[in-house]
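J.: Protein chains in written order, with our numbering: chain A, 88 to 461; chain B, 7 to 268.
Warning: the hint list may mix true and false statements.
[What the hints assert, rightly or not] Pairwise CB distance ranges, derived in the manner of DEER restraints:
(1) Glu461/A <-> Gly56/B: 44 to 52 Å
(2) Pro380/A <-> Glu236/B: 52 to 60 Å
(3) Pro380/A <-> Gly56/B: 46 to 54 Å
(4) Gly449/A <-> Gln180/B: 55 to 63 Å
(5) Ser378/A <-> Thr22/B: 38 to 46 Å
(6) Ser114/A <-> Gln180/B: 54 to 62 Å
(7) Lys17/B <-> Pro380/A: 39 to 47 Å
(8) Tyr30/B <-> Thr437/A: 24 to 32 Å
(9) Asp231/B <-> Glu461/A: 34 to 42 Å
(10) Lys17/B <-> Ser114/A: 26 to 34 Å
Derived from the structure by calculation, the hints contain no laboratory data.
This one's a predicted model, so the numbers in the text were calculated from it and none came from an experiment.
Cβ coordinates follow ideal geometry from the N, Cα and C atoms, glycine included.
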Amino acid sequence: MNKQYSNTKATLAIARASFRSILRSPSAVVFTLAFPLIFIIVFANIGGGGMSIDVGLAKGSDTSANNPVYIALKKNKIMHLITDQTADEMSKNLAKGNIDAILDLKPFAPPAAMTVHVQYSQASGDKGSVLKSALNNIFYRIQSEELKRIQSYTTVKVPNLIDLKEETISGRPYKYIDFILPGQLGFSLLSSGVFGTAFVFLSLRLTLVIKRFFATPVKRYSIVLGEAIARLAFSLLGSLFIILVGHYMFGFTLIHGVTTVLNMLVLSAIGLIIFMGFGFTVSGIAKNESSVPPLSNIITLPQFLLSGTFFSITAFPTWLQYISKVLPLTHLNDAMRKVAFEGAGLGDVTHQLLILLAWFVGIYAVAVKTFKWE
Amino acid sequence: MNLMHFYPMTKQPIITVNNLVKNYGDFAAVKGISFEVYEGEIFGLLGPNGAGKTTTLEIIETLRDKTSGSIVVDGFDIETDADSIKKRIGVQLQAAGYYPNLNLSELIVLFSGLYGIDKTPMEMLEKVALTDKAKAKYKDLSGGQKQRFSIATTLINNPRIIFLDEPTTGLDPQARRNLWDLIREIRDQGTTVVITTHYMDEAEVLCDRVAFVDGGHIIGIDTPDHFIDELVASGFERKKQVKLANLEDVFINLTGKEWREG
Numbered sequence: 088m089n090k091q092y093s094n095t096k097a098t099l100a101i102a103r104a105s106f107r108s109i110l111r112s113p114s115a116v117v118f119t120l121a122f123p124l125i126f127i128i129v130f131a132n133i134g135g136g137g138m139s140i141d142v143g144l145a146k147g148s149d150t151s152a153n154n155p156v157y158i159a160l161k162k163n164k165i166m167h168l169i170t171d172q173t174a175d176e177m178s179k180n181l182a183k184g185n186i187d188a189i190l191d192l193k194p195f196a197p198p199a200a201m202t203v204h205v206q207y208s209q210a211s212g213d214k215g216s217v218l219k220s221a222l223n224n225i226f227y228r229i230q231s232e233e234l235k236r237i238q239s240y241t242t243v244k245v246p247n248l249i250d251l252k253e254e255t256i257s258g259r260p261y262k263y264i265d266f267i268l269p270g271q272l273g274f275s276l277l278s279s280g281v282f283g284t285a286f287v288f289l290s291l292r293l294t295l296v297i298k299r300f301f302a303t304p305v306k307r308y309s310i311v312l313g314e315a316i317a318r319l320a321f322s323l324l325g326s327l328f329i330i331l332v333g334h335y336m337f338g339f340t341l342i343h344g345v346t347t348v349l350n351m352l353v354l355s356a357i358g359l360i361i362f363m364g365f366g367f368t369v370s371g372i373a374k375n376e377s378s379v380p381p382l383s384n385i386i387t388l389p390q391f392l393l394s395g396t397f398f399s400i401t402a403f404p405t406w407l408q409y410i411s412k413v414l415p416l417t418h419l420n421d422a423m424r425k426v427a428f429e430g431a432g433l434g435d436v437t438h439q440l441l442i443l444l445a446w447f448v449g450i451y452a453v454a455v456k457t458f459k460w461e
Numbered sequence: 007m008n009l010m011h012f013y014p015m016t017k018q019p020i021i022t023v024n025n026l027v028k029n030y031g032d033f034a035a036v037k038g039i040s041f042e043v044y045e046g047e048i049f050g051l052l053g054p055n056g057a058g059k060t061t062t063l064e065i066i067e068t069l070r071d072k073t074s075g076s077i078v079v080d081g082f083d084i085e086t087d088a089d090s091i092k093k094r095i096g097v098q099l100q101a102a103g104y105y106p107n108l109n110l111s112e113l114i115v116l117f118s119g120l121y122g123i124d125k126t127p128m129e130m131l132e133k134v135a136l137t138d139k140a141k142a143k144y145k146d147l148s149g150g151q152k153q154r155f156s157i158a159t160t161l162i163n164n165p166r167i168i169f170l171d172e173p174t175t176g177l178d179p180q181a182r183r184n185l186w187d188l189i190r191e192i193r194d195q196g197t198t199v200v201i202t203t204h205y206m207d208e209a210e211v212l213c214d215r216v217a218f219v220d221g222g223h224i225i226g227i228d229t230p231d232h233f234i235d236e237l238v239a240s241g242f243e244r245k246k247q248v249k250l251a252n253l254e255d256v257f258i259n260l261t262g263k264e265w266r267e268g
């Protein structure tokens, strides 16, 4: 009794208890680990190749090695040539948009013009125009070749109207996993921070666990801090696990290796602390456990959809982008991607960090006002 | 049995409540209560629901603020030394739960940390005969086991006083008697016990002294024997004679009210 009471010891006791409890709670594990991993596995597999255009080759098309159009299309990785369907099937699939275009290639026999008959489909959106420009490019090259050949027979100068100079700079291949993994990390932190924190504090309050704590010498800050440490530890371990699975199984790019991982973990911690602020607020507003999910969803769903978790926010109309650019998860995702893929340090994402800081101040001001102990 | 207990040498107050008042807005829950609890006794707070027992208890336990009045617990003033009091008391709340997903051992470890005291889980569980449930979850215990476990958590800090709020409510007769034995054991080891209950037979056999609380006032405070003797002497008679009266009669006679709920 004469021994000095240790607030640190009490805080750590709560952290340890809470960490054990989180590990044994199925919903925490599912939301923090299972969901993000499933999304990563699904999207890493379907998103791998980027765009693909299905082009049906009509029966009787010239597929010989001296048809330059056929050879060029075959070399193009975006084009997926279909030859094993009947004309009837093809036109049906074209109408449904399962095939993006049907090509009928007649034999190439200069100087006679080669006939290329193309059918596009309104059902397949923009893909038709991608094919169109790819074909135009091929035709231009064939035409140029032909011109060059004619040029060698004559002294009449055929002017080159366009001198096309193309080059591809060397760069790191940006894989879809590089986009999807930071988004899933953000999603994991968001759900753990909001749902987890809200549920824990509400249930500790309703079941009088906190009241019983208050009958011991423990300080209030120890309770909040202990819970926060446990959640932080759990979520950071979860983040690390997701990063490692992404890196070793799906080739997620980590430019500076361990440094990049550490930077990502720092960002994870910052994100989680902000999201926990939402969780504290929800636990204060919610009257009972069944009002936690709707309240939490109001916070998590818009961010899940609008913060660039699955696709870049640049795909949205401008007015929607304004909303996206307000949400904290957008900036966390943004910073995360810059750090992971571009190799940025934390000093390079100060713009994102400042916006997150503003959210931190704002949400904790609200949380302090709404949070209830009993 | 400890003879010391039956013949206390001096009655040393360990809790002194003086003119305690608690208002919730316009509603006065406690209207000027004064009493003393002596060191080493089992003290019962009795009264109908809504009488102010739990409020009084929770104010002494430092869980609630008082409106006015003074309380001294083991020499410490509740107003200035709540932290010292918390270290000297053990509290069992009515219907309190425990941290989810943890087993009994882990809960004891948690509470040891909260009290800043090194106790092994087995040492504490042994006191309440729950060592075989060390790996069980609180929610999987029977009613009696739950209460015994709650009492174990109140003993971690070697408290001078423990507070038990309706510890036997909902228990079967065996579990109740088992709990009485445990509570007596705790008292015999020198810990003062303050208990609330709705069972007058329980208060009669368990409590050294009882106070009746009704409508925010204390309307009587004495030993159960003395209350009963007094009632009998006043000419009270039970319709069906077994014994001249029991404490339940004192209860109804004093509070004089119909059965109330809530």
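J.: Compare the structure with each hint and give your call.
T.: Each hint, compared with the structure:
A beta carbon spacing of about 19 Å between Glu461/A and Gly56/B contradicts the range 44 to 52 Å that was offered as a hint. For Pro380/A and Glu236/B, the hinted distance range of 52 to 60 Å is satisfied, since their beta carbons lie about 59 Å from each other. Taken as a hint, the range 46 to 54 Å is violated for the pair Pro380/A and Gly56/B, whose Cβ atoms sit roughly 35 Å apart. For Gly449/A and Gln180/B, the hinted distance range of 55 to 63 Å is satisfied, since their beta carbons lie about 57 Å from each other.
Separated by about 44 Å at the C-beta atoms, Ser378/A and Thr22/B satisfy the suggested range of 38 to 46 Å. Between Ser114/A and Gln180/B the CB atoms are about 38 Å apart, so this pair departs from the stated range of 54 to 62 Å. One distance hint, 39 to 47 Å for the beta-carbon pair Lys17/B and Pro380/A, is violated here, with the actual separation near 56 Å. Between Tyr30/B and Thr437/A the beta carbons are some 50 Å apart, a value that contradicts the proposed interval 24 to 32 Å.
The beta-carbon spacing between Asp231/B and Glu461/A, approximately 39 Å, falls within the hinted interval of 34 to 42 Å. A C-beta distance of roughly 55 Å is found between Lys17/B and Ser114/A, which places it outside the suggested range of 26 to 34 Å.
Going through the hint list in order, the structure does not satisfy hints 1, 3, 6, 7, 8 and 10.
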